[in-house]
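For the record, the sequence lines run as chains A and B.
Take the first sequence: its letter number 88 is residue 88 in our numbering, and every next letter is one higher.
Take any residue in the second sequence, note its place counting from 1, add 1000, and you have its number in our numbering.
Rather than coming from a laboratory, the hints here were simulated on the basis of the structure.
Incorrect hints may appear among the rest.
[To be verified] The list that follows gives simulated cross-link-like pairs (lysine-lysine, DSSO-like), each with its CA atoms no further than 30 angstroms apart:
1. B:K1279 x B:K1164
2. B:K1279 x A:K53
3. B:K1098 x A:K53
4. A:K70 x B:K1098
5. B:K1164 x A:K53
6. A:K74 x B:K1279
7. A:K53 x B:K1385
This one's a predicted model, so the numbers in the text were calculated from it and none came from an experiment.
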Amino acid sequence: MKQIRKYLSGASALALLMATAAAHGAPPAGRLLASQCAQCHGTNGQAVSGMEKLAGESEGEIYKELIEMKARIKPEEIMHRQAAGYTDAQIRLIARYFATSGKVSTTTTSTTPTTGTSSRNKSRGDD
Amino acid sequence: MFSHNRRKLLQVSGALAAAGSVPLLARAQVAAPRVVVIGGGFAGATLAKYVRMWNPKIQVTLIEPNPSHVSCILSNLVMTGALGMNAITLRYDNLRSKYGVSLVADRAVGIDAVNHIVTTQNGSRIPYDKLVLAPGIDFDAVPGLDTAVLPHAWQAGPQTLALKAQLDAVPAGGTFVMSIPPAPYRCPPGPYERACLLADSLLRRRRAGRVIVLDANNDVVAEPHTFHTAFQTTYASVIDYRPSSVVTSVDWANKTIHTNWGPIRADGANIIPPQKAGKLVVAAGLLGTNPATRWAPVNPLSYESTVVPHIHVIGDSQGTGQPKSGHMANAQAKVCADALIRYFAGEAPDPAPMTNSACYSPITSKTASWLTVVFGYDAASGLMKPVPNTLAEAPAPSGDHYEDMFGWANNLFADSFS
């Protein structure tokens, strides 16, 4: 019992430290790049409606999909043009950020849609 | 990078085990950095939210007189009656309750850039370490134009409903005149979208006379394929598109619009005046000494003014040459937020920021088009430049795009305001 309490106090000290490190250190790699997806795919990749959610997708999945999109741009796909804007290395950072932040993020961003009735679920890639 | 941080964390963790947690807590309680934001549109709201979300140790105060923002995005659908005002009214409550932004419901009237103090209409003096201006746009006067009588509706709100009333009052077979200012102005495809929806609305009510579109530019500014097609085919019987046409004055007592090509009689009108940076940007001297400068010059790595230090300008008032839109304002706000956080940590801004634009325009009551581009920082020129192969418009308007438009808008609204 005593040992458990000791473990817990260690864990909260670590949490405090992580918060402090985050407060003063460099922003996580890929965060700013990934935030540019949020206009359509929701804050931290948590889409509110009508667009694909990115949070928690695997790194490999997001990376492969974006690389394929920019390699074969279809004129009717807006997302293919977006993918074409980023280097492979930037796409790797974005994919890694969403894959990781979706699992550790504590920020909830679910909100009620304010407008419209879009229910068609955007399928990914070349729909 | 990741492993480096982790190693650093482990080292500090070891130090903590030795020293205990109290000294660390005390050290963290140095005075919190203060960011003050003026203007709660897409730029200001996103900046306030993201600074707090990414670093809650920074105090953020948003000075904005209105209790909510009324979005220009989708506002042409309020003009046609497809949506109500509630659909485009975005409240600030979440910025306070979810992110801890301090809201000051007041109008900023003065900036003391030497002592870092903003003064408000009600006499408050609000100190800042970093000031972010996001005041949107201001307008040139058009001789004879009274916007209380003829609303431009290029800032959404009461004017949106006043424009709807103008449209609803056009008699059968009547003439509606609208004008497009010289670029750059807020929302490049917006005026052409409005022309289409004016025509669609008149056609659907079987009242179609004419919509005369006076464009101060020598061609369609955005989505030329989409809008030329709409004007020449979809709305060929209604829209009369006239490039290089400038409104010189308005005589609404006689229902006459004067142009560089002569006078035009109209039953209804929507004159959108030429645009420039918001009043506070001008008052703070951020345009510099060249009187021809209409938008604030900034460093696109941080959006800090190149004229006055520690004042940043984001959204429509900034002069990087990126399109002026809610989506772009949101994009720039994140770059600025990241740069502010790094600044307070003693670091330089991200050296290679990216921004993107994506927007959907309704073309009819059931279809929409889209326009997109990605910008990257070009170190050689110091400018944000479009990445090759990313600037594109939808090949044709469609019902799917119309539906996607709401998915885009809902996510953009939520990402900026909640």
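Outcome of the hint check:
no.: 1; hint: B:K1279 x B:K1164; in the structure: 27 angstroms, holds
no.: 2; hint: B:K1279 x A:K53; in the structure: 39 angstroms, violated
no.: 3; hint: B:K1098 x A:K53; in the structure: 21 angstroms, holds
no.: 4; hint: A:K70 x B:K1098; in the structure: 36 angstroms, violated
no.: 5; hint: B:K1164 x A:K53; in the structure: 36 angstroms, violated
no.: 6; hint: A:K74 x B:K1279; in the structure: 43 angstroms, violated
no.: 7; hint: A:K53 x B:K1385; in the structure: 28 angstroms, holds
Checked against the numbered hints given earlier, the structure breaks hints 2, 4, 5, 6 and satisfies all the rest.
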